[in-house]
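Colleague: Sequence:
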Amino acid sequence: MIIEKIVKTKNRYHLFCSENNEITVTEDLFYLLNLTVGKDLAMIDNWNEKLEEDRVRQCFQSAIQKLNCSMLSEMQLKRKLEKENFDISHIKQALLRLKELNFINDKLLSEELIRSAEKQNLSKKQIESKLFQKGIQESVWKEQMEQETSEEGEIAKAYAFCCKKIKSYRSKTKEEIRKKLYYSLNYKGFSYSVSNKAVSKILDETIFEENS
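Using my numbering, the letters of the sequence shown correspond one by one to residues 636 to 847.
Keep in mind that a hint or two might mislead.
Claimed, not checked - Computed beta-carbon distance windows for the label pairs:
1) Asn681 / Asn656: 47 to 53 Å
2) Gln782 / Asn831: 21 to 27 Å
3) Leu702 / Lys643: 38 to 44 Å
To be verified - Dumping the calculated EDC-like pairs for lysine to aspartate or glutamate here, alpha-carbon to alpha-carbon at most 16 Å:
4) Lys742 / Glu781
5) Lys674 / Glu654
6) Lys742 / Glu787
7) Lys814 / Glu773
8) Lys800 / Glu840
9) Lys674 / Glu657
10) Lys769 / Glu709
11) Lys823 / Glu753
12) Lys643 / Glu657
13) Lys836 / Glu786
14) Lys754 / Glu709
15) Lys765 / Glu787
16) Lys727 / Asp689
17) Lys769 / Asp741
18) Lys823 / Glu763
19) Lys742 / Glu778
20) Lys742 / Glu717
21) Lys765 / Glu747
22) Lys713 / Glu684
If you are wondering where the hints come from, they were derived from the structure by calculation, not from laboratory data.
Glycine residues also receive a C-beta, built at the ideal position from the N, C-alpha and C atoms.
Can you build the whole structure from these sequences, using the hints too?
Modeller: Next comes the structure, spelled out in structure tokens:
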């Protein structure tokens, strides 16, 4: 299999060989093996093994680039690499290496997401939805979720939401406000029990006109 043409794109070299084969290699392998037009790849010792290692390296490098752009779970990263048509065996090896280096850690990622969501006053269901969207298994974050999202905390978040929302309902009757707050809290994923306590608290503290 003789190299007939070489095209460079970023840190990759595309080798166009006889028999209509195209092989992509990293810059590292290209210079390590001194690949040039006219070279017969079949004459390189352990060529297939070297190429396999290089493809894992390509997958690993692509994963690093993606992690530099955003926080990704193992599942999200796997899906992105699959879209680039990397072989599943290469993806698995790359992900294993990333986990060994602690570049991907679903537990730490879920902890950060939960803390961030708590600051945004998101409901427990909203937080769970975010974690599921990330593809993080429930067993990874369940314990922390239980610690961070007590009923008291949920009520406090629901109440804070009501305090902001009720300002736009001043012209409504008490019953109209109650219904609107319930609807909004339900939409945000708060349970009936939590919503009931938060709404009752805010309505008890609010002064209404006599005709309300």
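Colleague: For each hint, tell me whether it holds in the structure or not.
Modeller: Against the structure, the hints:
1. Asn681 / Asn656: 47 to 53 Å: violated, 18 Å
2. Gln782 / Asn831: 21 to 27 Å: holds, 24 Å
3. Leu702 / Lys643: 38 to 44 Å: With a Cβ separation near 25 Å, Leu702 and Lys643 fall outside 38 to 44 Å, so the hint is violated.
4. Lys742 / Glu781: holds, 14 Å
5. Lys674 / Glu654: holds, 14 Å
6. Lys742 / Glu787: Between Lys742 and Glu787 the Cα gap is close to 25 Å, so the pair fails against 16 Å, i.e. violated.
7. Lys814 / Glu773: Status violated; Cα separation ~33 Å.
8. Lys800 / Glu840: Given that 16 Å is the threshold and the Cα spacing comes to 14 Å, the pair holds.
9. Lys674 / Glu657: holds, 14 Å
10. Lys769 / Glu709: Holds, because 9 Å separates the two Cα atoms, which is no more than 16 Å.
11. Lys823 / Glu753: holds, 13 Å
12. Lys643 / Glu657: holds, 13 Å
13. Lys836 / Glu786: holds, 15 Å
14. Lys754 / Glu709: Not OK: Lys754 and Glu709 at ~24 Å, beyond 16 Å, violated.
15. Lys765 / Glu787: violated, 21 Å
16. Lys727 / Asp689: With a Cα-Cα distance of about 14 Å, the restraint between Lys727 and Asp689 holds, given a limit of 16 Å.
17. Lys769 / Asp741: Holds. Lys769 to Asp741 sits at ~9 Å (cutoff 16 Å).
18. Lys823 / Glu763: Answer holds: Lys823 to Glu763 is near 12 Å, not above 16 Å.
19. Lys742 / Glu778: holds, 11 Å
20. Lys742 / Glu717: With a Cα-Cα distance of about 23 Å, the restraint between Lys742 and Glu717 is violated, given a limit of 16 Å.
21. Lys765 / Glu747: Distance of about 12 Å is within 16 Å: holds.
22. Lys713 / Glu684: violated, 23 Å
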